[in-house]
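So the chains spell out like this:
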Amino acid sequence: MDMQGSRQLVVQQQEAWEALNDPAVLKLCVPGCKSIDPDGENAYKFVTGLKIGPVDATFKGTIKLSDINPPNSYTINFDGNGGAAGYGKGTAQVTLAPKDSGCELTYTAHATVGGRMAQVGQRLVDGVAKQMLELFFKRFNDEMLRRHPELAPKDASKGGGIPKWVWIVVAAAVVAGIIVATR
Amino acid sequence: MGANEFVNKPHIGESVRRVEDARFITGQGNYVDDIVEAGQKYAAFVRSTYPHARLTGVDTSAAEEMPGVIRIFTGKDIAGKCGGLPAGWMIVQVDGAPMKEPQRPFLAIDKVRYVGEPVAMVVADTKEQAQNAIESVMVDYDPLDPVIDVHKAANGPALHAEAPDNRCYKWGIGDKAGVDAAFTKAAHITKIDLINNRMIPNAMEPRAANATFSRATGESTLYTTSQNPHLVRLLMCANILQIPETKLRVVAPDVGGGFGSKINVYPEDVGVVWASRALNCPVKWTAERSESFLSDTHGRDHHTHAEMAMDKDGHFLALRVHSDVNLGAYLATFGPAVPTYMYATLLAGQYKTPQLYAEVDAWFTNTAPVDAYRGAGRPEASYVVERIVTRCGWELGLSQDEIRRRNFITEYPYQTPVAMQYDTGDWPKCLDEANKLAEVDSFDQRRKASEAKGLRRGIGYSSYVEACGMGPSRIVGQLGARAGLYESGEVRVNPTGSVTVFTGTHSHGQGHETAFAQLVAARLGVAIENVEVVHGDTNRIPFGMGTYGSRSLAVGGGAIMKALDKIEEKAKKIAAHLLEASDADIEFENGQLTVKGTDKKISFGEVALAAYVPHNYPLEKLEPGLDETAFFDPPNFTFPGGTYICEVEIDPATGVVTIDRFTCVDDFGVIVNPMLVDGQVHGGVMQGIGQALLEEGVYDQETGQLLTGSFMDYTMPRAINLPNFRIGTVCTPCTSNPIGSKGAGEAGAIGAPPAVINAVLDALKPLGVNDIDMPATPFHVWTAIHNAKA
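Which chain is which? The protein sequence lines are A and B, in order.
Okay, so the first sequence: first residue is 1 according to the working numbering, each after it adds one.
Okay, so the second sequence: first residue is 1 according to the working numbering, each after it adds one.
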C-alpha cells in the first residue's frame, strides 16, 4: 500500500518537529497506542491495539528514524508484529515546511501487511488506515491547540488547519503501516 | 460377469434414492469434528505470515504460560526425528534426471516457504485456549524476497537448496522431431496463449484431524478428513513416523467434500498424531475457514502456449504445447503427477492429431502447494485443446461443430501419440445429441433477440475426453507412481442374508453407499436396505487406494463385482449340495438358486444360513462361511467423453456474463444410478463455471500474501449464476472393468470451462475481442471490450 499527502498544521515548523519527536504526544495521538518508549537513539518501541474488520490484535514493534534533518525531514522505518494476526511494516518520508501561519507536513509512505490481516482484512486496510490517519491528525491538532492556546482560531467551530504531521506518517506508519494494504 | 449381462440386472440404471441422505439432511452425519474422545485436547497451528523467510527464532515462553497450554511443538522438536511429507510420484526429466524433491517437514525447521505454512503447534485443554496461545508465540523471521510468478521463478531467490533455479522438473512427452517436421508442412498454424487460473478448493467441510494414542498398546488412531485413508496410513507409517502399519489406524468417517484437496497427507494430520503420541492424550485440530484458504492444496495454475498445425482443410497435423506450471512451495502427494501424466496424456483430446509434443516446466513458488482439484490435469488439458480447436475453426472460417467433426476419432480402440489408448466412445454421436438438446438450430434467432435488447449472445463448444479409473498399476508404475492403483472389495454375506460390503474407495459426497448397494442387490437379489457399505477405516477394510480420479465405480465397483463372482460361485456349490444337483446345473437369478430345467430351488438367504450353520454342508470340499475379498487392477484407464454446449448472453455495458443455456451430453459408459450421475455432472459443471467466470486464487506479487483469503474476495458460484442444465447421455460400455462404467465425478469440471470461454469469445468477437482469460469477470469482460475499441 502506498499513501501520500500533506496537511496544514497550526503550529510553527519547529514546534511541529518537537511534537513529532515527543513520545508523549505520539502516544496520545496514535489511535490505539498503549505505549511508545525510546529504545536507543532515534528509535522507539511501541505497543498498539488495532482492529481491522475481524482482526483485532495487539501489535508490538519498533520505529526507527533515519535521514534526520531537523526540523525539516526524516524517514520513519516501522515494523509491527501482531503474532498470528500478522505484521505491518514499511517506511515513510516526512517533510515539514513553513506555510501560511503554520507549517505543512508532507508524507509519502509505503507499507505492507502480512498474515491474517492481509488475508481477511486487506480490502478493509485502506479505509482503516485513512480513518486512523484522520483521527491522528485530529488528536494532534487538539493537542497542539491545548499546548498553544493562542493559536486557536477565533471561530472555534472551524477547527481549521488540522495539523499534518510527520506523525501522520507515524500514524500512517504505526497505524496505517500496520494496517496498510498490501497493494 | 461382464457389462452386457450386468446392465440388464434389476436396480441397474435405477435412480435409487441416496441411503446416506437420511443422516446427512437430519444433522446425524458423523464428521471428524463431531468426534470427541475422553480427555480430548486441542491443537492450533502458528502459521507463517511471510511467504519466504529464514526462521531465526520461535519464542514460545509467553505462550507456554497461558491458561490451559500443555505443550508447544516447534520445528526443533521434530528435526531429525520425523520424516518429511513425501510426494507420491516421481517424474523423470527430459534429460533423464529425477525431479528435484525437497524435504517437507510438518513444522518448518529453518525456513518458511509460503504464507500459512505451519511453524509451531500448540496443544491446550480447549480449542479456545490453543487459539489464544498461538497469538503469543513470537516468531522471528528474516524475510527473503518471495517468488510468486512462475515466469520469474528461474531468476528468483531459491526456495530449496535442491533446486537453485526453482525448477522441480522439465518434462516432455511425444515426438518432438515428428512435430517439428509436421509444422514445416502445415498450411495453417493456429497459436494460443492461455492461463489456467489457480483454484482454491473450498470443500464445505474444512479439514480436521483427531488422533488418539494408547501407551499400553503403542497404537494410534487418526480420524481425518481424507479421501484415501489407507494412503495416509501407508505414507505416515512408511515415510514420516516410521512405525509399523499395525500401530496406526486411520479412519475417514463422513467427509464433506474433497475435490482432490483431501487426497494429501497434510502437516496437521502428522502433527496431531505426533502430539498425541508425545503427550499420551487425544489431540484434535479443526481448520478455520481462513486456514483452509491458506493451507489446503490449491489447484491448476498453468501458463500455456500451444500451436496447432493444420492442412488446408483444417485437418490437424500436429500439436505443440508448452506449459509453465506452479507447484507451490512443496510437492504435494499427487503434485508432480497432475501437470504431467494426468495432463499432457490427454492433449490429443477427441481428435486424430498424428503428432503431438508437450513440454512442462514445473516451478516452485512461495505459494500454497498445488495438487489435484476436480479433474486434476485433465481440465487443464481440455482447456488447451478445446480453446485451440475453436480458435482453429475461427481462423479457418469453420464452425465449432465442423472443425471438431472433421477431426474426430471414429475408430476404437485408438492409440494416441501421448500414451493413452481410448477403448470405446462415439464422439460424433455425443456432438449430434448435444446439438439437438441445445437447440443449436434456433441459435441465430436467439442471438437476434439478444441483440435487439442490446446484449451479445455467444455459443461455445467443448468436446472433452478424460482418463479416469486410476488406474492400471503396471502403467502408472512406469509413469512414476510409487503405489499401485488397484482397489479392494470385500463382500460379507451375514448368516441371515444381509450383506456388508467393504470398499477401499471413500465416499465424501458421491453416494457410494447407494450405488454399491445397487451392485449387490442386482447380483444377489437382496433388498438394497439389507446391504451396508463400509468404507474409510483401515481396520475394517482389507486395503484401498481411496477415491479420486473418478475411479470408485470403475475400479472399486470392479473389485466388488469380482468378489460377487466368488460369492455367486460358492453359493452355487452350496445350493448344489442342498438341492442334490451338480454345481454346473445351478442358476442364480433374482435371489433364487434353481436347478436348471426344474422347479427345484432354494433362496439365497437359505444358502447364506447354511454357510454359517453348516449342519448339512459339504465340509470336506468347501469351507463354511460366505465372505469373499477381491482386488481389481484394471487393464486400462477409462475414457469418459462428450460434448458440452454453453450459450451466454453478455451485457457489453457492464461486462456481466449470464449463462443462458448449458447442455451436457456425456458418455459415462454403463450408468448404475442416473440420479447420482446427474448430481455429479451438476456439481462438476458448477465448479467449471466457477472457474470460468468467478473463481481465482490471487497472491500479491510483491508481498506474497494471499489476497483471496476469504469468501469476501474469492467468489464461489451460487445458484443465481447457473441455468437449469440440459443433460443427456450416450453409452458405449467401457471394456476395462466388469461394470462397463467410465466414471462421472470430474467430467463437468473438465468440459465446462472451455465451453464457457468459447461462448464468451463467440459473443464478443463482433466487438473485436480476440482473447480473454479466466475468470471472465465483469471487469475482465468490460476491459476486453474497451481495449478492443481502443
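Treat the hints as calculated values from the structure; they're not laboratory data.
Be aware that one or more of the hints could be misleading.
Calculated cross-link-like contacts (lysine to any residue; reagent style SDA-like; alpha-carbon spacing at most 20 Å) [stated by the list, open to error]: (1) B:K573 with B:Y617; (2) A:K34 with B:E135; (3) A:K60 with B:D59; (4) B:K765 with B:V656; (5) B:K127 with B:E64; (6) A:K60 with B:Y617; (7) A:K60 with B:D140; (8) A:K45 with B:D140; (9) B:K600 with B:D583; (10) A:K51 with B:Q592; (11) A:K60 with B:S710; (12) A:K60 with B:T56; (13) A:K60 with B:K191; (14) A:K51 with B:M712; (15) B:K765 with B:D651; (16) A:K64 with B:P143; (17) A:K60 with B:E64; (18) A:K51 with B:E135; (19) B:K566 with B:E606; (20) A:K60 with B:Q592; (21) B:K185 with B:L396; (22) B:K570 with B:Q592; (23) A:K60 with B:N132; (24) B:K191 with B:P354; (25) A:K130 with A:D79; (26) A:K99 with A:D79; (27) A:K45 with B:D59; (28) A:K51 with B:K191; (29) A:K64 with B:D140.
The structure presented is a predicted model; accordingly, all values stated were derived computationally and were not measured.
Against the structure, the hints come out as follows:
1. B:K573 with B:Y617: 10 Å, holds
2. A:K34 with B:E135: 18 Å, holds
3. A:K60 with B:D59: Roughly 14 Å between the alpha carbons, so the hint for K60 (chain A) and D59 (chain B) holds.
4. B:K765 with B:V656: With Cα atoms ~16 Å apart, K765 (chain B) and V656 (chain B) stay inside 20 Å; holds.
5. B:K127 with B:E64: With a Cα-Cα distance of about 15 Å, the restraint between K127 (chain B) and E64 (chain B) holds, given a limit of 20 Å.
6. A:K60 with B:Y617: Given pair K60 (chain A), Y617 (chain B) is violated - Cα atoms ~80 Å apart, limit 20 Å.
7. A:K60 with B:D140: 13 Å, holds
8. A:K45 with B:D140: 16 Å, holds
9. B:K600 with B:D583: Within the cut-off at roughly 14 Å; holds.
10. A:K51 with B:Q592: 72 Å, violated
11. A:K60 with B:S710: 26 Å, violated
12. A:K60 with B:T56: 18 Å, holds
13. A:K60 with B:K191: 54 Å, violated
14. A:K51 with B:M712: 18 Å, holds
15. B:K765 with B:D651: Distance ~14 Å between K765 (chain B) and D651 (chain B) Cα, so the pair holds.
16. A:K64 with B:P143: 18 Å, holds
17. A:K60 with B:E64: Roughly 19 Å between the alpha carbons, so the hint for K60 (chain A) and E64 (chain B) holds.
18. A:K51 with B:E135: Distance of about 15 Å is within 20 Å: holds.
19. B:K566 with B:E606: With a Cα-Cα distance of about 18 Å, the restraint between K566 (chain B) and E606 (chain B) holds, given a limit of 20 Å.
20. A:K60 with B:Q592: 78 Å, violated
21. B:K185 with B:L396: Cα-Cα ~17 Å, so holds.
22. B:K570 with B:Q592: 14 Å, holds
23. A:K60 with B:N132: 17 Å, holds
24. B:K191 with B:P354: With Cα atoms ~18 Å apart, K191 (chain B) and P354 (chain B) stay inside 20 Å; holds.
25. A:K130 with A:D79: 19 Å, holds
26. A:K99 with A:D79: 31 Å, violated
27. A:K45 with B:D59: Holds, because 19 Å separates the two Cα atoms, which is no more than 20 Å.
28. A:K51 with B:K191: 50 Å, violated
29. A:K64 with B:D140: 18 Å, holds
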